[in-house]
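Visitor: Listed here are the chains, written in short residue letters.
Number of protein chains: 6
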Amino acid sequence: MWDNLETVPDFSPGSVIKIKGRVQLYRNRVQLSVMQLRIARAEEASPADFLPRSARDPEEMFTELRQIIASIADTHLRGLLETVFGDAAIAAKFKRAPAAKSMHHAFCGGLLEHVLSLCGLCQLAAAHYKTIRRDLLMTGAILHDIGKIEELGYQASFFYTNEGQLIGHLVGGVEIVREKLRGLPGFPEEYRLLVEHMILSHHGHLEFGSPKEPLFPEALMLHYLDDLDSKMEAMRATIAASPDQEWTARSPALERSLLNLDYFLKAVKV
Amino acid sequence: MWDNLETVPDFSPGSVIKIKGRVQLYRNRVQLSVMQLRIARAEEASPADFLPRSARDPEEMFTELRQIIASIADTHLRGLLETVFGDAAIAAKFKRAPAAKSMHHAFCGGLLEHVLSLCGLCQLAAAHYKTIRRDLLMTGAILHDIGKIEELGYQASFFYTNEGQLIGHLVGGVEIVREKLRGLPGFPEEYRLLVEHMILSHHGHLEFGSPKEPLFPEALMLHYLDDLDSKMEAMRATIAASPDQEWTARSPALERSLLNLDYFLKAVKV
Amino acid sequence: MWDNLETVPDFSPGSVIKIKGRVQLYRNRVQLSVMQLRIARAEEASPADFLPRSARDPEEMFTELRQIIASIADTHLRGLLETVFGDAAIAAKFKRAPAAKSMHHAFCGGLLEHVLSLCGLCQLAAAHYKTIRRDLLMTGAILHDIGKIEELGYQASFFYTNEGQLIGHLVGGVEIVREKLRGLPGFPEEYRLLVEHMILSHHGHLEFGSPKEPLFPEALMLHYLDDLDSKMEAMRATIAASPDQEWTARSPALERSLLNLDYFLKAVKV
Amino acid sequence: MWDNLETVPDFSPGSVIKIKGRVQLYRNRVQLSVMQLRIARAEEASPADFLPRSARDPEEMFTELRQIIASIADTHLRGLLETVFGDAAIAAKFKRAPAAKSMHHAFCGGLLEHVLSLCGLCQLAAAHYKTIRRDLLMTGAILHDIGKIEELGYQASFFYTNEGQLIGHLVGGVEIVREKLRGLPGFPEEYRLLVEHMILSHHGHLEFGSPKEPLFPEALMLHYLDDLDSKMEAMRATIAASPDQEWTARSPALERSLLNLDYFLKAVKV
Amino acid sequence: MWDNLETVPDFSPGSVIKIKGRVQLYRNRVQLSVMQLRIARAEEASPADFLPRSARDPEEMFTELRQIIASIADTHLRGLLETVFGDAAIAAKFKRAPAAKSMHHAFCGGLLEHVLSLCGLCQLAAAHYKTIRRDLLMTGAILHDIGKIEELGYQASFFYTNEGQLIGHLVGGVEIVREKLRGLPGFPEEYRLLVEHMILSHHGHLEFGSPKEPLFPEALMLHYLDDLDSKMEAMRATIAASPDQEWTARSPALERSLLNLDYFLKAVKV
Amino acid sequence: MWDNLETVPDFSPGSVIKIKGRVQLYRNRVQLSVMQLRIARAEEASPADFLPRSARDPEEMFTELRQIIASIADTHLRGLLETVFGDAAIAAKFKRAPAAKSMHHAFCGGLLEHVLSLCGLCQLAAAHYKTIRRDLLMTGAILHDIGKIEELGYQASFFYTNEGQLIGHLVGGVEIVREKLRGLPGFPEEYRLLVEHMILSHHGHLEFGSPKEPLFPEALMLHYLDDLDSKMEAMRATIAASPDQEWTARSPALERSLLNLDYFLKAVKV
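Protein chains in written order, with the working numbering: chain A, 1 to 270; chain B, 1 to 270; chain C, 1 to 270; chain D, 1 to 270; chain E, 1 to 270; chain F, 1 to 270.
Please keep in mind that the hints were generated in silico from the structure rather than gathered at the bench. Small disclaimer: the values here were computed from a predicted structure and weren't measured. Check each hint, because a few of them may be wrong.
Copies of one chain are not kept apart here, so a pair can be met inside one copy or by any two copies together.
Straight line, CA to CA, 25 Å or less: simulated SDA-like cross-link-like pairs of lysine to any residue [said to hold, decoys possible]: (1) Lys101 <-> Glu255; (2) Lys101 <-> Pro252; (3) Lys269 <-> Arg133; (4) Lys130 <-> Leu65; (5) Lys20 <-> Gly79.
Extracted from the complex, chain A is given alone in its bound form (with noise of 0.2 Å):
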């Protein structure tokens, strides 16, 4: 309701706006009558403060990922992952990137959160399957998003990054593991192979971006178990945004509308 201002400042998106007005029902439905606004000074509000998080507390998370690291017995992996989150400049950005832009663990935190339940589900299926060589898998789940944080800026909201729209988070994960690598000579060559492709082959199919498909068994498994961490939570948030539904609305990500079981199973006995 802009009827009582003379002029409306033109603001540019993402701009974070201070406003002086009342708020009333009309018609069965809120309405605010701005009175005075004006853009808030930076001390006041930053944009970031406005976007979404993860319900759990960054450092805690982070802590986790170390414990995990730290129960990597390979000590050429576990140098590689000491070295790459011992960096402050990478943890610090580790700790506050989303997982994705908008199509699942898209909020402040969202990376470590993602990886932290990919991780549980690797340690799982490691022992599950034998024959599967459990620390490498684990340095792919750890690593596999790392260039997401130079992917993703964030102020009002996500955005891909210039080197996130030219480079890419796989190609650009790569590269962070290779500028560390410089620093760790006696890491074997093989095994610079086998994480490097962890990383490029991830998304698992060239259409999906990935310039390599998966060639060894871990390298496959990170792949089917990222996929189907990231459809588990779209399809948890999708669930939660719809509550009292028995279908809910379509989501862009899975591109369908969700069976909501509670609901849905509401009325049956066990």
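Let chain A serve as the given structure and place chains B, C, D, E and F on it in line with the hints.
Guide: Coordinates of chains B, C, D, E and F only, in the frame set by chain A:
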């Protein structure tokens, strides 16, 4: 080496032949000189003796399956499973069936081996995702391929039955469930829809033969873990068939050669 | 024009509203000035009164279907059809169902209208190709969409039922047939496979939702003629909706605009 | 069995060879012992004598086509058809051409056989759908493959001509029509567009080589019925080639094996 | 701002309207207050005056085209081109036609501008690859879109004609060539096939509307360079429409946003 | 003809064999009678002697490449190129590498030959489109396939290295550039993104293995001209391999037979 036989009788494919002959070395290769041959009598051998078999004992695997069924708390779902596998004819076929004609677990007992592995995975994944209804997922895992007991025949090799070619194991599985539900009048209609949907949608996509895509989390998870378990076994078998090579022969199921990590990593000191 | 109403009540979608008002001309357009409005009482009107309907009388169409059934010489196939359509609950639903939610024959009685048209086509095609088994083809035509009586619901508009979304009309149709076959013990197993296959394969390709592709001539012909009849009706409806234009509005079902030949050829002297 | 020939002359593909030899039984198989062989002289035999042929007499089929043309009431359309088939060179080629190189009706006279069958189908379908312009549809059916008289050559086997490879029978057919229209100055421009569009669009989809998709009902129907007739003939030929088997050899045209109903149903008592 | 008009007359789309009014600033935006309006008389303005136009003079561009034609040494090919463009009706349409409805060069004179640019590219590429027949390639470049003079109409905006929708510019272009060849009896049949094939195959793939794929080097090169020139112009126009942004609006023709290098590189010191 | 050898030793693929024998004519065919054979000693011959080679001298081609680099005015881009090709190890590999395993330029020196041809094309196209940044495009052309020096190995034939299979030449090329940039601290970050993007996107589409599609004009042009040059060479080689036929053997790279214009046009008088 047929040279000293006047006439070679015509055998139909799948016959078992009894041969009397001599094995010799010729130019560094083994050579069989056939002296007499005839069709074996039924009491001497059956074609099924030559089919590949699971390394595990089918009775032992079936006992394991019954224990998993007993672990299901939901009385409706456990009741359905007990009815299905309590049918002696189904049990006999289920112990013997392969999981596929050629793509993965293509050996007698393969279906049971695949289902047990999938149940193990589902058990772990249900523990990992708190909102997953474990009993529903396990029921889907146990029943998803039940239609294969009618889809595949086996004499000298595996083949699709007429039922398999014309109807397929997805719809055939739904039929078996519905047939058994006739004797379980209190089974909730909602559960019937969910179980049937999990069977029909477990190939994940229309172009892979599922007439419906997974529409709730347990159905989606079943699709992913079933696909993962099939691919893991296909990878294992492909690598096992090329033990002393860096790259395996091309796998028709996976449409690629695989990197044999045992070979590739043999020079790496951990 | 709501201006003189203090509060507009919230109506749920699908409610029938009773309105008292005045119809006026304003700037060359018809305008309704609402004076009073409330939800209609059940005895005043039902939402289904507002659904579109076939131009043909459902009872008359059903009689025509019974005559087609009576024309089938094969006693097994005619017996199956008589059992299905002799079921009063099935008959009642069949007379009322639309053939689709929106793509073609999307009106009450549309399923019956489509089936009759398809039967007419099949009758002609069976006469044209001497080796076609006419009774088998007709049985497929009559039963191919029987599952739609459970797939689509209709209140104020058409929608997919839970059965429709989770199972679909192909598998649902097979279920209805199998249910009825339980009362027909002498029905040949071979016929059961053929009829079920025709129902399952009538969409023609996996990516259109058929879990099997047509594997014998009658099944392939059923697919072609069913698709043709649906598209002919979609074309007819699209052209009828744009009577005075050379090119119609874009048809979502056909994904193109159509040339209206009545308009295009009006200047041609034959 | 070439053993007693000192030198085997090189024959170019498609040569007719005259052989003098002896036919014997050897190990239950027929064996030809060649004693003399040379290239046959032109007056002895021509390669075309060995091409497969329609079971029907081409002159009789052509007479039937002329009768169909005579049944067209629209003077413009009938005039066009009479001009095309009144051209002796076109008529001679049309009587002899196959309908395809290998997919369906791949024998001399196959084009005529296919067109007559399609005309029969169109005749029936036009009677079934009241709004279909029968004369227009029949004209499309008669002319849709006219370009094949220049697309396929035949000496010892069928092959694509340069015209066929570089231009194709769709555009080639349009050319033949346009050439003939030059002598029919009163032919309505609207009709020309419709007839040419039916020829160009009869493959139904861009990826099947039609530069335009069907844009009015007669063009869509022509596509469906042409495709149906081709597939029916491919099915008939596939089944005829495997008479005593339940499942046929895989058909390259249909990309599947077929169920042979004569064999499958032989135990069913009607 | 229509507030002070009692009734707004209905205008058909594409009408030119004459308005008397006042232009004012209101809340920082330009606002037009309409006082009188009526349909413009034919002598006042024509809808075509409002179509976008090439920045280059059509006569000057046409002269350039004639010079390119004059540079062709092969007398047959030059003769064909002189006959086509010596036709005054074709020349008039060619000077005025756009190259596309919306994808690229969508302005009057756009076809000529695109053809001249493509000729320039082909000239260079023919010099680069020594085995390319330059005259044949240039002939293809000049004639490849000749059918667009009949495919697109223009009144108030560009639209597809009936000829364009039903036949298209590929087949339409072949027709124009064949019509002109009728007056050139000595033109080699081989050349006719090559020129027609280049026109028909220049979209490169069946799914892009070419009924044939390019089958010799000049035809393949024509396809690549035509596609490149269209895309370069689409990129140029997309970037020009978003001058002061790092990333452009999404281009429907290219299905992506583009990086504006002028903006992106403005801080780089070379 | 091995008849007079008692035992044939087993040779591993890629061995060079020294043979003593006699060449004779037998039934009009050349026949080699082998009398002695053994593995050749390293000083006698190496498998690489049998690899196909470019017709051009690699040193001369490399000198031409250095001249192109010297022509680049932009000091940053020229500095990068001089650093890459001033590396003696890279230069040695670059002179020897093929451009592909089998699709195009599959011979030693093929990579250099392809890059020089592409540079020539880009030079011309940059002159044609005034807004193209010539130095950026040339840098992309020179570096686009640099990763192939690690992707392909060659002993007796060409094969993919482990690096090639697991990482590929797109990401491998980015790595080489980034490694060299480490020694060029003043190189603008913007340029790094553009050069890396051109390398990653030069296959044009995700399904062809590029993890990013081209996002600015120079990247799109590089994709088109690289693809064109590869196809032109594939066409040239296909036609050269079937010199005396109107239609060539089917090219696996192009998935079609080609028309040989030299043959097709031999009767045409210009």
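Visitor: Hints first: check each against the structure and report whether it holds.
Guide: Hints versus structure:
When the C-alpha separation of Lys101 and Glu255 is checked against a cutoff of 25 Å, the pair qualifies both within a copy, at 17 Å, and between copies, at 19 Å. Proximity of Lys101 to Pro252 under the C-alpha cut-off of 25 Å is found in both arrangements, the shortest distances being 13 Å within a copy and 22 Å between copies. In this assembly of identical chains, Lys269 and Arg133 lie within 25 Å of each other by CA distance solely across copies; the values are 15 Å between and 44 Å within a copy. Within a single copy, Lys130 and Leu65 get their C-alpha atoms as close as 24 Å, and across copies as close as 20 Å, so both meet the 25 Å cut-off.
Taking the shortest alpha-carbon separations for Lys20 and Gly79, neither the intra-copy value of 55 Å nor the inter-copy value of 58 Å comes in at or below 25 Å.
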